[in-house]
Amino acid sequence: MLEIHNLYAAIEGNEILKGINLSVKKGEIHAIMGPNGSGKSTLAKVLAGHPAYQVTNGEVLYEGQNLLEMPPDQRAREGLFMAFQYPIEVPGVSNAQFLRLAYNERRKHLGEEELDPLEFKDLLKERARIVEMDASFMTRSVNEGFSGGEKKRNEILQMAVLEPRLAILDETDSGLDIDALRVVANGVNQLHTAENAIIVVTHYQRLLNYIVPDYVHVLANGRIAKEGGKELAVELEQKGYDWLKTAETAAPVRL
Amino acid sequence: MVTQIAQQENTYQAAFLALREEGSSRNWLHRLRESAMEGFGELGFPSVRDEEWKYTNVAPLTKVTFSPPPPSAVAEQPIPVDLDVYAYPETATSQLVFVNGILRNDLSSVAGLHHQLTAIDLREASANPLYEETVRKHLARSADYVANGFTALNTAFISGGAFIHIPKGVTVEKPLHLLFLTDAGQTSPVTFPRVLIVAEANSSATVIESYAAVAESRYFTNSVVEIALHDGARLVHHKLQRESLRAFHVANTVADLGPNSSYDGTTITFGAELSRHDLRVTLDHEGAECWVDGLYIVSSGQHADTHSVIDHRRPHCTSHQLYKGILDGKSRAVFNGKIFVRPGAQKTDAMQTNKNLLLSREAHVDTKPQLEIFADDVKCAHGAAVGQIDEEEMFYLETRGIRPDLARNLLTYGFAEEVIGKIKVDSLRQQIDKMVLNRLGARLEA
Numbered sequence: 001m002l003e004i005h006n007l008y009a010a011i012e013g014n015e016i017l018k019g020i021n022l023s024v025k026k027g028e029i030h031a032i033m034g035p036n037g038s039g040k041s042t043l044a045k046v047l048a049g050h051p052a053y054q055v056t057n058g059e060v061l062y063e064g065q066n067l068l069e070m071p072p073d074q075r076a077r078e079g080l081f082m083a084f085q086y087p088i089e090v091p092g093v094s095n096a097q098f099l100r101l102a103y104n105e106r107r108k109h110l111g112e113e114e115l116d117p118l119e120f121k122d123l124l125k126e127r128a129r130i131v132e133m134d135a136s137f138m139t140r141s142v143n144e145g146f147s148g149g150e151k152k153r154n155e156i157l158q159m160a161v162l163e164p165r166l167a168i169l170d171e172t173d174s175g176l177d178i179d180a181l182r183v184v185a186n187g188v189n190q191l192h193t194a195e196n197a198i199i200v201v202t203h204y205q206r207l208l209n210y211i212v213p214d215y216v217h218v219l220a221n222g223r224i225a226k227e228g229g230k231e232l233a234v235e236l237e238q239k240g241y242d243w244l245k246t247a248e249t250a251a252p253v254r255l
Numbered sequence: 001m002v003t004q005i006a007q008q009e010n011t012y013q014a015a016f017l018a019l020r021e022e023g024s025s026r027n028w029l030h031r032l033r034e035s036a037m038e039g040f041g042e043l044g045f046p047s048v049r050d051e052e053w054k055y056t057n058v059a060p061l062t063k064v065t066f067s068p069p070p071p072s073a074v075a076e077q078p079i080p081v082d083l084d085v086y087a088y089p090e091t092a093t094s095q096l097v098f099v100n101g102i103l104r105n106d107l108s109s110v111a112g113l114h115h116q117l118t119a120i121d122l123r124e125a126s127a128n129p130l131y132e133e134t135v136r137k138h139l140a141r142s143a144d145y146v147a148n149g150f151t152a153l154n155t156a157f158i159s160g161g162a163f164i165h166i167p168k169g170v171t172v173e174k175p176l177h178l179l180f181l182t183d184a185g186q187t188s189p190v191t192f193p194r195v196l197i198v199a200e201a202n203s204s205a206t207v208i209e210s211y212a213a214v215a216e217s218r219y220f221t222n223s224v225v226e227i228a229l230h231d232g233a234r235l236v237h238h239k240l241q242r243e244s245l246r247a248f249h250v251a252n253t254v255a256d257l258g259p260n261s262s263y264d265g266t267t268i269t270f271g272a273e274l275s276r277h278d279l280r281v282t283l284d285h286e287g288a289e290c291w292v293d294g295l296y297i298v299s300s301g302q303h304a305d306t307h308s309v310i311d312h313r314r315p316h317c318t319s320h321q322l323y324k325g326i327l328d329g330k331s332r333a334v335f336n337g338k339i340f341v342r343p344g345a346q347k348t349d350a351m352q353t354n355k356n357l358l359l360s361r362e363a364h365v366d367t368k369p370q371l372e373i374f375a376d377d378v379k380c381a382h383g384a385a386v387g388q389i390d391e392e393e394m395f396y397l398e399t400r401g402i403r404p405d406l407a408r409n410l411l412t413y414g415f416a417e418e419v420i421g422k423i424k425v426d427s428l429r430q431q432i433d434k435m436v437l438n439r440l441g442a443r444l445e446a
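Those protein sequences? They're chains A and B, same order as listed.
In terms of our numbering, the first sequence opens at residue 1 and continues consecutively.
In terms of our numbering, the second sequence opens at residue 1 and continues consecutively.
Bound conformation, chain A alone:
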C-alpha cells in the first residue's frame, strides 16, 4: 500500500528526514516512535503533503502511484488521512457542514452518489458513536472551543466518516487522559480492517497498549534507527530513548 524509499525532507533549508525506508501493507498497523525532534511528525506531514516541507530526495509510492506528485486534497480523496497532532480550529464552519463536504468529495471521487444534509446526518450520528461523541458537537464550529481530548476525538470521527485506506495518526495520544485515550483507541480499532492500514506516530508506548502494532519503527535524527515487533515499544518504555543517541550513526538494525 505504501512504499517509502530513501526519503529526505527539509523545512526552511533544515534537513529533517535523512533517508527513511518504510513499507506498509494493507491490514497492518505500524507504530513510528522516537524522541522529540527525531522527525516523526515531519514524516506524517510530508506524507499528508504539508506545503512547508520540501522533499529533497527519495520517493513514496501509495497504491502504486507517486504520492509526492499529488496535492494534499487529492491524496485525501485517494484515501490517505492524517489525524493532526494539533487539530486546527475553523471558526464559523460547523462540524457537520465540514464533514459532509469532505465526505461528498471522497464519494464523488469514488464515483458514488453524494449525500444530502439529511442523509448525511444519519450517517454522522452512527459514526459519532464510534468515538462516543455527543450530537451537540456536530452543530458547533470545527474544533472551536473544543478541549484537547474533544479535538482528538473529532479527528477520529473524521477518520470514521472518510474511511481512509491509509490513516496516519500523529501523536493522537498527546494531551489525552486515560479515559479519552481508551475511547480514541477503541474507535481506531473499530475502524481498522483487513483492507486498510494505520500508521501510529507516538512518543509513548501507552497508546500501543490499546492500538497494538504489527511493527514498531524507531526514528532518531531523521532515520529509522531500530525496527521490531510490538515488544520493541515495551523495551523503549523501559529504556527510554537516550541509548539511541549513541546508536544514531549506526545503520538501521533489521530484526
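Honestly, the hints are just simulated from the structure, not real lab data.
The beta carbon of each residue, even a glycine, is placed where N, CA and C say it ideally should be.
Be a bit skeptical, because a hint or two may be false.
What the hints assert, rightly or not - Capping the alpha-carbon separation at 30 Å, the derived lysine-lysine pairs in BS3-like fashion look like this:
#1 A:Lys125 with B:Lys424
#2 B:Lys434 with A:Lys125
#3 A:Lys230 with A:Lys18
#4 A:Lys121 with B:Lys422
#5 B:Lys422 with A:Lys125
#6 A:Lys121 with B:Lys434
#7 B:Lys424 with A:Lys108
Stated by the list, open to error - Quick list of the computed label-pair ranges, beta carbon to beta carbon:
#8 A:Glu89 with B:Ala381: 13 to 23 Å
#9 A:Gly37 with B:Met351: 37 to 47 Å
#10 B:Gly421 with A:Glu69: 22 to 32 Å
#11 A:Gly145 with B:Gln7: 40 to 50 Å
#12 A:Glu89 with B:Gly383: 49 to 59 Å
#13 B:Glu286 with A:Tyr210: 54 to 64 Å
Place chain B on chain A using the hints.
Here is chain B on its own, set in the frame of chain A:
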C-alpha cells in the same frame, strides 16, 4: 472639479426652493430644513482634505447630476419587481416599503404590527398632534447637520421617511422591516430616507432597515437614522445595505442611549460602488450597553467606508464592537472606529475589534481603531488586523479532500459567520448567509 461640485450644490439649492414653495410642512420643520440647507450651503460636500474623509473621495458622486425628489409625492406607480424578493416571513405583516424615499402605503403591510406600536410616515407624524411633540423633541437632535454636509442635505430634504414609536413598557416581538427601494427608471435619482425611532422606557423592539434597488442602476441614497432609547429600552437594529453596485450610499446612524438601555446594531454591507456609513452611539446615562457590529464584503470597483464613534460619557456603560471585512478584487475598505471615554466615565467597559480578510493582492484596507480615554478606572481593549487566508487552515481542509478553491470559500464564509451569527431574525440571517455564499460562488448549504 470645483465647478462640478458647485453646480451640484446649486442643483440641490434649486430643488430645495421648489420643495419650500410647496409649504405644506409645519413651521418648526420648515425652519429646521431652512437651517439645514444653510448648513449645507456652508459645508458643501466633504473633500479628502477633511481628516474624516481622507480615504473616501466623494468626487465621483458630484460628477453625476442626480435628480432630487419631486416636491409632491409621485402617483402610486407599480414597481417592476416582486416585493417578496426583499421580504422576510417574520415581517410579512410588519413591513413599510419606501420607493425612492417615499413611504408607499399601497406596498406596505402593517396588519401584524403591535397595536401600540406606531410606524408611520414621518411628515404625517410631524403634523399629527399625537406625535408632533415627540418628533420635534428628537428629530435632528442627534444627527448633526452642522458638522456633516450629507446629513445637512438629508435634513434639508426631510419630506417623508419613517417615524417609529414604541410606547412605555411595550415589548414588540415581531420585527419591523423598513425597506428602502430605489426605482431609478430613466433618471439618476437622489433619495433622502429619514428614520426616527423613539423607544420609551422599558420597551423592546427589533427593526430591520434594508436598502436595495429594483435594477442595477446609478443613484444616490443619502439616509439618516436617529434612535432615542429611554430608560431600560432595548432595540435590536439590523441594517442590510445591498444597493446596486453602481449606486452611492451615504448613511448616518445616530443612537442616544438612556439609563440601562441597550442597543444591539449589526450592519451588513454588500452593495454600492461607494458607500460611507457614519455611526455614532452616545452613552450619556449610566448602565447603558451597546453592541455595534458589522460586516462589509466588497469586490472589484467597490469602496466601503465605516466611521464609527462610541462615546462613553457616563460611568458604568459597556460597549462591544466587532467589525469584519472581506475584500476581493480591486476593492477598498476603510474602518475608522473611535471610542471616547470622557472624564468621569469610570467603570467603562469598551471592546473594539476590526478584522479584515484580503482575498486578492489588489484589495486595500485602511483601518484605524482609536481609543481616547480620559478616565482612569476603565477596561478598554481594541485591535485591528488585516490578513490573508491562513495557510495551516487551508492545509487542514485540504487534507480532508476539500479542493483549494472550496477550502478558501469555506474559510471565508467561516470568517463572516462570526458577525452573521449575531443576527437575531432567522430568515434575515439565512438570507445573508446565502448572499455571502453566492458572492463566494460556494456550493455549500448553510
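Results of checking the hints against the structure:
Proximity of Lys125 (chain A) to Lys424 (chain B) is assessed by CA-CA distance (about 28 Å); at most 30 Å being required, the pair is judged to hold. Using a Cα cut-off of 30 Å, the hinted pair Lys434 (chain B) and Lys125 (chain A) holds, with the two alpha carbons roughly 26 Å apart. Restraint check: the Cα-Cα separation between Lys230 (chain A) and Lys18 (chain A) comes to about 24 Å, which is no more than 30 Å; the hinted pair holds. Distance hint between Lys121 (chain A) and Lys422 (chain B) is fulfilled; the C-alpha atoms sit about 25 Å from each other, no more than 30 Å.
Proposed proximity of Lys422 (chain B) and Lys125 (chain A) is supported: the alpha carbons are some 28 Å apart, at most 30 Å. Under the criterion of a C-alpha separation no larger than 30 Å, the hint pairing Lys121 (chain A) with Lys434 (chain B) is consistent with the structure, at around 21 Å. For the hint linking Lys424 (chain B) to Lys108 (chain A), the alpha-carbon distance of about 36 Å lies beyond 30 Å, and the restraint is violated. Evaluation of the 13 to 23 Å hint for Glu89 (chain A) and Ala381 (chain B) yields a pass: the beta carbon distance comes to about 21 Å.
Range check, Gly37 (chain A) to Met351 (chain B): about 40 Å between beta-carbon atoms, so the 37 to 47 Å window is met. A C-beta distance of roughly 40 Å is found between Gly421 (chain B) and Glu69 (chain A), which places it outside the suggested range of 22 to 32 Å. Take Gly145 (chain A) and Gln7 (chain B): their Cβ atoms lie about 57 Å apart, and the range 40 to 50 Å is violated. Look at Glu89 (chain A) against Gly383 (chain B): about 18 Å separates their beta carbons, and that is not inside 49 to 59 Å.
The hinted window of 54 to 64 Å between Glu286 (chain B) and Tyr210 (chain A) holds, with their beta carbons roughly 59 Å apart.
The structure fails hints 7, 10, 11, 12 (numbered hints given earlier, in ascending order).
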